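2 protein chains.
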Amino acid sequence: MIESISLIEAYKQTQYQIAGNGKRNIQVLKDAFEKIEGEQESDIYGNGEVIEAFQVKMATYLGKESAVFFPSGTMAQQIALRIWCDEKEVKKVAYHPLSHLEIHEEDGLKELHHIDTVLLGEETGLIGLEDVLNLDQEIACLLLELPQREIGGQLPDYKMIVEISEYCKANGIRLHLDGARLFEILPYYQKSAAEVCGLFDSVYISFYKGLSGLAGAILAGNKEFTQQSKVWKRRHGGDLISLYPYIISANYYFDKRISKMDQYYESAKELAALFNSCPFIQTKPVVPVSNMFHVHINRTKDQVEAVLKEIYNKTSVGLTSYLRETNQSSYSFEVSVGDQYSSIPKDKLHDAFQLLQVNLQ
Amino acid sequence: MIESISLIEAYKQTQYQIAGNGKRNIQVLKDAFEKIEGEQESDIYGNGEVIEAFQVKMATYLGKESAVFFPSGTMAQQIALRIWCDEKEVKKVAYHPLSHLEIHEEDGLKELHHIDTVLLGEETGLIGLEDVLNLDQEIACLLLELPQREIGGQLPDYKMIVEISEYCKANGIRLHLDGARLFEILPYYQKSAAEVCGLFDSVYISFYKGLSGLAGAILAGNKEFTQQSKVWKRRHGGDLISLYPYIISANYYFDKRISKMDQYYESAKELAALFNSCPFIQTKPVVPVSNMFHVHINRTKDQVEAVLKEIYNKTSVGLTSYLRETNQSSYSFEVSVGDQYSSIPKDKLHDAFQLLQVNLQ
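Note that the protein sequences, when read in sequence, are chains Z and L.
No gaps in the numbering here: position 319 of the first sequence is 304 in this note's numbering, and each next residue is one more.
No gaps in the numbering here: position 226 of the second sequence is 211 in this note's numbering, and each next residue is one more.
Just chain Z, with the same shape it has in the complex:
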């Protein structure tokens, strides 16, 4: 009976889930708009109180001169790199081999902007100063993603970022931050967003990762940079007559969750330790440095799915909705801790990991 349903169906039937902030349903929008007055005016093509006030708020939070709201990070980041390439008249940038731009954007940067890329560092590791020093090609911009999502959300030492930043500044290389999960790393670094962003020329942040808003992004930098980014936003088709559904929800979930990043980080470490107490399982990183990590299980898919479905059935605690085959013919999934973790009864959580420890053989 349990075997007859898929892992995702079994997961959807669980009452508790270890990751995330809840379902991505229409209520997410309804909650954000509940206390908003209907009389409040829409933004109009990038102008108006609702967008301008939020842009100022985010620029201040990030310690940047100016900020622009975008419908997506894909759009914001391509545009940031394009501006820096145009400035230097060098159509080449460098980033990690598993950067979002390289693997999730259908080569938009190349197809739309004709920008060449240098893949810096190893797929399984982080970009280090040495990689930057060893660059044998001129680049306009280096993009750093903090944390590096596709390898479990790893982070370099803060000192390493400072050194890379200083080197880039001294050598005419713009440094851009893919800060899709910037909020989530601040507890580990014990830095403010403005301190981290101070090391970068331009910064992108997202509102639907740790904050679990609807969608949307902010791109921040100096005024000349953001002014140019608005022209490119229009060209990309992102300068919508009304972006307020995303802006108002971004603002709502920012206010609601920004102070919870410490809690998510501590929970992630606790949860990773529970996974690491199980045979054939190791998290990456072993000790998380943000709210996220990857769980690697060195067993066949059938074995893992059977155990997971039994856990979901017996405890109603969902651990993952999917399994991804990794290079080492083992399986992995991602965990990003949010509000849901703290609402799981401790005995249920204990039972779930007890079953994982005993049954995974």
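None of these hints come from the bench; they were simulated from the model.
All clues stand as given, with none of them false.
Given that identical chains are not distinguished, each listed pair holds provided it fits within a single copy or across any two copies.
Listed below are the simulated DSSO-like cross-link pairs for lysine-lysine, each with C-alpha atoms no more than 27 Å apart in a straight line:
{"hint": "1", "residue 1": "Lys95", "residue 2": "Lys73"}
{"hint": "2", "residue 1": "Lys(-3)", "residue 2": "Lys20"}
{"hint": "3", "residue 1": "Lys8", "residue 2": "Lys215"}
{"hint": "4", "residue 1": "Lys176", "residue 2": "Lys254"}
{"hint": "5", "residue 1": "Lys245", "residue 2": "Lys(-3)"}
{"hint": "6", "residue 1": "Lys76", "residue 2": "Lys95"}
{"hint": "7", "residue 1": "Lys77", "residue 2": "Lys95"}
Note that the structure is predicted; figures quoted are calculated from it, not measured.
Following the hints, complete the assembly by docking chain L onto the known chain Z.
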């Protein structure tokens, strides 16, 4: 006292307005979501019931094989032209000199897609078959905008579109419809949307013109075309994790207003006749062929503003919030009729035009 406030401020204080469907405020979203269940799931990166069902509904309405929801028409149309250019391996398209792509998109088509353009026809007129026959360059696609918004929403005879369509088909030129205001022209042509769209290879429609939704667009065509458009949507940064704020409101305002296009069209003709009864005023077109027209006033800005503000003050009927200087050193504004026109008390409307007739000297 009247003179001390701006035209837009005076307009905002009026109780009635001749154009539009109402204020662009947050209530527009709230109304659309009022009866939507919070439990309904979000679309996820272009998948899910909420987006797929609406795409099928619009494909059916337009008589096309397939349809894709986009955040904006700017994005949808550039992508349509890019696909047709790639297909033919000719990076050139033709459109009207006052096409949205030429004057409102910061040259996105050229800057992002490196597509050259041929400006077809005169600024003040429509593209005719002769213009197409006289093309001395190879093009991949011809874009027709129906109605031609920047010249007051003019339309060619239906027969002319049929002839252009047949010529394009016979000569390997793809025909794309900028149908931002497609719904609004159907009463004049006495055709279904599917009949009009049958003359075109690809079609874009908008949800915030006559329908006054929040934002968003549909691009429709055959399956191969729409499949490619999804890849480009991702590249442009338009494949948002959640587009439902626009989709649900588009669906709501489509259902609410699609059957009112006849009423808007009849009202536009009535309203244009009222304007044309005034000295120094002529509408373009003289007899509207959709819900829209432009009002041209051959008087100085000070003269016109003083009369308008007096009308707004005495009758509380707003005619326009702005005046645009035209080539002939006269002034113009656009009128797109929606729900608001029918709610103006007839005596108020009569008084407003009485004042316009008498005081404009």
